[in-house]
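J.: Listed below, chain by chain, are the residues.
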Amino acid sequence: GDSVTQTEGQVALSEEDFLTIHCNYSASGYPALFWYVQYPGEGPQFLFRASRDKEKGSSRGFEATYDKGTTSFHLRKASVQESDSAVYYCALVRGSALGRLHFGAGTQLIVIP
Amino acid sequence: EAAVTQSPRNKVTVTGGNVTLSCRQTNSHNYMYWYRQDTGHGLRLIHYSYGAGNLQIGDVPDGYKATRTTQEDFFLLLELASPSQTSLYFCASSDAGDQDTQYFGPGTRLLVL
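Protein chains in written order, with my numbering: chain A, 1 to 113; chain B, 1 to 113.
What the hints contain is simulated information worked out from the structure, not anything from laboratory work.
Do not rely on the hints blindly, as some may be mistaken.
Beta-carbon label-pair distances, calculated as ranges [said to hold, decoys possible]:
1) B/ARG44 / A/GLU42: 26 to 36 Å
2) B/PRO106 / A/ILE112: 38 to 48 Å
3) A/LYS56 / B/ASP95: 21 to 31 Å
4) B/SER7 / A/GLY69: 16 to 26 Å
5) A/ARG76 / B/ASN18: 38 to 48 Å
6) B/PRO61 / A/ASP53: 28 to 38 Å
7) A/GLU55 / B/GLY16: 30 to 40 Å
8) A/GLU55 / B/ASP38: 23 to 33 Å
Even glycine gets a Cβ: it sits at the ideal position worked out from N, Cα and C.
Build the full structure now, drawing on both the sequences and the hints.
T.: As structure tokens, this is what we get:
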């Protein structure tokens, strides 16, 4: 079945550090890929998506590039701030199953001021 | 931006108890979803709906029923609650033209003793 793997359960960085959160997926066909962010005490929020190989999604300084060859969609940010502390979820949906998002386990980002 | 509200925000029940979680969205979205969030599993889809009277089975439906009474209201029913259903439950909604951009409510924390 479809699945998303986030290898880091938690990432701790200092402000202005470079961020990478890894996301790998397994799915038949050509899934769309997403990043959602969840701030403490809130529900998840859509961050951005990519639907084609080599497409870059971006929002709020975060970006990720769809890589079908390595089945990856790693989240990156050049300089994190304390306000970026949150849980980040990678997700996928296959084109034939609109709305049926499959989420990874999530990665908690802690940014130390 | 879609507004999704959930009630109650916190609920404690006993094993075998009957629980109803409520969700209302006020942006006329067609699609609504129920997820559970557990450490190590991320968000998992329980049930979802394409509109009033419609119900679709998600990935972890066992022990749960759902009902969509109106376009705005979606309910999750646990008729014989078990400790394994202790979790944080999120409702979400999305527009028919963009099912994968989902707007989440603030969550309901359920404890089954």
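J.: Indicate, hint by hint, whether the structure satisfies it.
T.: Against the structure, the hints:
Between B/ARG44 and A/GLU42 the CB atoms are about 19 Å apart, so this pair departs from the stated range of 26 to 36 Å. Look at B/PRO106 against A/ILE112: about 27 Å separates their beta carbons, and that is not inside 38 to 48 Å. Between A/LYS56 and B/ASP95 the Cβ separation comes to about 24 Å, which falls inside the hinted range of 21 to 31 Å. Distance hint for B/SER7 and A/GLY69: a CB-CB separation of about 46 Å, inconsistent with the stated range 16 to 26 Å.
The supplied range of 38 to 48 Å is met by A/ARG76 and B/ASN18, whose beta-carbon atoms lie about 47 Å from each other. Between B/PRO61 and A/ASP53 the beta carbons are some 33 Å apart, a value that agrees with the proposed interval 28 to 38 Å. Evaluation of the 30 to 40 Å hint for A/GLU55 and B/GLY16 yields a failure: the beta carbon distance comes to about 50 Å. Range check, A/GLU55 to B/ASP38: about 31 Å between beta-carbon atoms, so the 23 to 33 Å window is met.
Figure legend: structure checked against the earlier numbered hints; hints not met, in rising order: 1, 2, 4 and 7.
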